[in-house]
Amino acid sequence: MSITSAKTGSTSLSLALENNFMEPIASTLVGAGGANAVIFNDIPQTYKHLQVRLTCALASAVYDADIVMQFNGDYANSYSKHRIYGSGSSVGVDYSGTLNYMQIARSGGAASVFGAAIIDILDYTNTNKTKVVRSFFGQDSNGSGYMMISSGLWNNTSPVTAIRINEANFTGSFAQHTRISLYGMKG
Amino acid sequence: MAAKTGTYTLIGSATADGTSLSVTFSSIPATYTDLVIVCAITAGNTGDAYLRFNGDTASNYSDTVLRGYGDGLAGSVRDSNAAGMDIGPVSLITGSEIGIVVVNVMDYANTATYKTSLIKFTEATNNLSTLAGLWRNTSAINSILFSSRGGNWGTGSTFKLYGIEAAK
Numbered sequence: 000m001s002i003t004s005a006k007t008g009s010t011s012l013s014l015a016l017e018n019n020f021m022e023p024i025a026s027t028l029v030g031a032g033g034a035n036a037v038i039f040n041d042i043p044q045t046y047k048h049l050q051v052r053l054t055c056a057l058a059s060a061v062y063d064a065d066i067v068m069q070f071n072g073d074y075a076n077s078y079s080k081h082r083i084y085g086s087g088s089s090v091g092v093d094y095s096g097t098l099n100y101m102q103i104a105r106s107g108g109a110a111s112v113f114g115a116a117i118i119d120i121l122d123y124t125n126t127n128k129t130k131v132v133r134s135f136f137g138q139d140s141n142g143s144g145y146m147m148i149s150s151g152l153w154n155n156t157s158p159v160t161a162i163r164i165n166e167a168n169f170t171g172s173f174a175q176h177t178r179i180s181l182y183g184m185k186g
Numbered sequence: 000m001a002a003k004t005g006t007y008t009l010i011g012s013a014t015a016d017g018t019s020l021s022v023t024f025s026s027i028p029a030t031y032t033d034l035v036i037v038c039a040i041t042a043g044n045t046g047d048a049y050l051r052f053n054g055d056t057a058s059n060y061s062d063t064v065l066r067g068y069g070d071g072l073a074g075s076v077r078d079s080n081a082a083g084m085d086i087g088p089v090s091l092i093t094g095s096e097i098g099i100v101v102v103n104v105m106d107y108a109n110t111a112t113y114k115t116s117l118i119k120f121t122e123a124t125n126n127l128s129t130l131a132g133l134w135r136n137t138s139a140i141n142s143i144l145f146s147s148r149g150g151n152w153g154t155g156s157t158f159k160l161y162g163i164e165a166a167k
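Those protein sequence lines, which keep their order, are chains A and B. Numbering that gives the first Met the number 0 puts the first residue of the first sequence at 0, with every later residue one more than the last. Numbering that gives the first Met the number 0 puts the first residue of the second sequence at 0, with every later residue one more than the last.
In case anyone wonders, no lab produced these hints; they're calculated from the structure. This one's a predicted model, so the numbers in the text were calculated from it and none came from an experiment. Wrong hints could be hidden among the right ones.
Unchecked claim - Examples of chain B residues lying across from chain A (beta carbon under 10 Å, computed):
(1) 19
(2) 64
(3) 119
(4) 165
Just so you know, even glycine gets a beta-carbon here, dropped at the ideal spot from N, CA and C.
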C-alpha cells in the first residue's frame, strides 16, 4: 500500500526523500590499480540506519562472483543469509548459516557490465539487537543476468562501526570504476 | 569519519493529465552519483511500460526480472536486445489503485561502463516485480523517457526525479 499525502499528492517515499532523510558519509571510486576490498571505518553512530549503494565489477574479467560484507573486523562464522533470486528463466531460494560473511551482491557478468546493489543495514547502533541487512541486487548482461533479494544476519549485538566489502574468496579484486558509497539514514 | 550534509535533490517532476503516452526528463545534470525516479502510477496504461536513455531507440536494452503474483507463483524472465528497458506491468493497475515504480539508475554519469538500473514495481492486487536493467552504452545519461506500450499514462500519475550525491 502506498501512502499518499492529501496535501501534496506525494507518495510516502517521495515525501521522505524531500525531507532530507539521508546524508552521504563516505564513498570510494576504485582507480586503475584495483582494490582488494573497500572498508569504511569509524562510522558515525548518529543515524538510525545505513545504506550502501554500489556498482561493481572484478578485475581480470572474473564474472558472477559473490560480493560479501563483514562488520567490525569479525571474520568468524557469525553470519547467515536467506535469499530469493531469478536467473531470467528460473527462481531459486536458499539459506546458509554459520557463514563468515553475508552475500550482498555479485560482480558484473560481462565486459563493461557492472552489477549494482542497494544494501540497508538496519538499526545498526542498537546494542539489544543482532544486526539485519537487506540487499537488493541485480545484474543484466543482455542474454544472462541475475536478480536477487536477500537478508543477512550478523549474530552480534555490537554497534556496527566498520564495514568491509570484498569478493567472497578473496581471489578477485574490484575493477577500476567500481563505486561503493555509504549513506546515513535518519530515524 | 564525519558525515557531510546533503541528500536527495529533486531535479524534476511531472504529472500526467491522461493525454500523454510518454514523459521525458531532459538536460539532467551530471553532478550526482545515482538517479532515483519515483513514479506513482494510476490506471490508464493498457500495455507495459519502458524507459529509454538519451533518445536511444535502438535495441541496446535488456533486463532480468524476478517477480511474484498474488496466487503464490514466482517467476523470472529476461528481455534481450530490446528497444527499451521494462519497468513493470503497469497495465495491471486498475480502478483506484496506485502502482509504485522506483527506478535507481546507478553511476549514471560515468563514461566508462554500461549503465545498470535497479527497478522495483509494486501493485498491491496482482504483482511485485524487481528488475535489473542494462543499457549497453557508456555515455553519461542526460535524458530519460518513460513510455507505454499501450494507453496513455493515467491522469494524476506522478514522476519525480532525484539526484543522490555521494560523499566527495
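These are the hints, each one checked on the structure:
no., hint, in the structure
1, 19, "violated (17 Å)"
2, 64, "holds (7 Å)"
3, 119, "holds (7 Å)"
4, 165, "holds (4 Å)"
Checked against the numbered hints given earlier, this structure breaks only hint 1.
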